[in-house]
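**Student:** Take a look at the letters that make up each chain.
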Amino acid sequence: MNVIALSHSQDRDFIAQVEKESGQNVSLCYQCGNCTAGCPYTFVYDIPVHQMMRLLQAGQKDTLLSCRSIWLCATCQSCTTRCPNNIDVAHIVDVMRHMARREGYSTEYGVKAFADSFLESVEKNGRAFEMGLLLRFIGKTGRFWTDVDLAPKILPKGKLSPLPHKVKNPEAIAKIFERFRQECQK
Amino acid sequence: MSQKLRYAYYPGCSGQGTSKEYEQSTRAVCEALGMELVDIPDWSCCGSSPAHTVDHRLSSALSGRNLALAERLEGVSAILTPCPSCLTNLKVSAHKMKDPEFAAEVNALLDFPVRNTLPVKSILQAIYEDVGPDALSPKVVRRLTGLKLAPYYGCIMNRPPDIMEFDDHENPIAMDRLMEAVGAEAVPFPLKVECCGASFGVARRDIVQKLSGKLLDTAASNGADAVVTACPLCQMNLDLRQDQINVANNTSHNMPVFYYTQLIGLALGMTPSQVGLEKLEVSPMALLDSLPARAEAQAQAAKKPASKGAQS
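Protein sequence lines, in the order shown, are assigned to chains A and B.
Numbered continuously in numbering that gives the first Met the number 0, the first sequence closes out at residue 185.
Numbered continuously in numbering that gives the first Met the number 0, the second sequence closes out at residue 311.
Calculated from the structure, these hints are not laboratory results.
Since the structure is predicted, the reported quantities are computational estimates derived from the model, not experimental observations.
Check before you lean on any hint, since a few could be wrong.
Within a straight-line C-alpha distance of at most 35 Å, the following computed DSBU-like cross-link-like pairs (lysine-lysine) qualify [as the list claims (entries may be wrong)]:
#1 Lys156/A to Lys167/A
#2 Lys165/A to Lys19/B
#3 Lys95/B to Lys139/A
#4 Lys19/B to Lys152/A
#5 Lys152/A to Lys139/A
#6 Lys19/A to Lys123/A
#7 Lys97/B to Lys156/A
#8 Lys123/A to Lys167/A
#9 Lys302/B to Lys139/A
#10 Lys213/B to Lys174/A
#11 Lys139/A to Lys209/B
#12 Lys19/B to Lys139/A
#13 Lys19/B to Lys123/A
Throw the hints in and build the complete structure from the sequences for me.
**Tutor:** Below, the structure written as structure tokens:
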């Protein structure tokens, strides 16, 4: 059992920030455990969902932003759908992952690298380019053998194009990313 | 179906790559059912899961660009997409943009604003609600009698219910009913809305092996010959990664994983190549070839008790 010394580690600003960004009232959670009971990912989590919610109520910013669970949530919406108090739990986890990114945490580097590779591919081509994003991922992680066993299965079927299917005007999409970065700096 | 069904169509990126057969069979089936799909001109990626894990404004802007382009098309009643991930992004974006403050932040990232005038639906919802199993059934020229299917919807087609507004969020039945309308049998499948491991296949293959493995085990133990799905990512995890799953879990599944549009297409008389069956990793051909014999056996079995106890 983990004991938390609230007098030292409670960060009230963190709670307020999560509530503001997610639009959810964190104090509504009464720890019924329905979220954890339905979560398919508990077996790889370091902190199960209901405990994340309790730690959030206790303002435990560092523990939450440095945990693996926030990266391993697939947003399958089981917790959100089954919460008896209508808390959008998956949205809260999403928001904590945004905060972790902004503050430089990445406890599941592979997961972050995959998301980054995907978005880089979209920014460049306007659409996701599957072969390209796999190569970007391998470049970032050095995991050369990633899914190499699938190549002989998928390549002969012509399902993995060696060239991107670009939009007519990729700059229009790149501009969305550019404006987003400018907004973030404000 | 008196009036013409005309929709804005959002194909999604995977339809040009790893789910080509879904795209191909979707277009063919919609045409056969009198549903006109007008491609959203120069559509771009919806951002998929990676975008919403980075920022909700960015995610909504990437989806929003497509909503705005679709609104400019003439005479369309809804925006349709085959892919549940695209669907959820487009729907969540449209839903969140009902908040004027959020909408202003998103529109500031776009060249032209989203007006939010069209409903967004999955192709599954449109076939189920706008055509319907009762209208589909009489068009069937090849009934898929004897085919036992585990209908797998994936996690986000119906959840969360207040945003997705389609079918039941714990026990959806749209695909079950459509499969029954073409003569197949939908076996009980309690994991209809469980997650397959989503896009963790590349970064954390262990997760997909465990979760998709459970889906295949349960489908098999409930007597299914095959899984039928409506999601490109679910299909890829279950089909393309089936050997990886077998090795990791010490199983020996050899279970075809169809897109529901491929089966509807076959039932409407299309050839296997018209619906892209050769693009599936686990070949379904032996299973499909065995159907006439199974149908015959079922008919024989049905005759016996009927002749014995003719009560009515």
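**Student:** What are the numbers of the hints the structure violates, in ascending order?
**Tutor:** 7, 9 and 10
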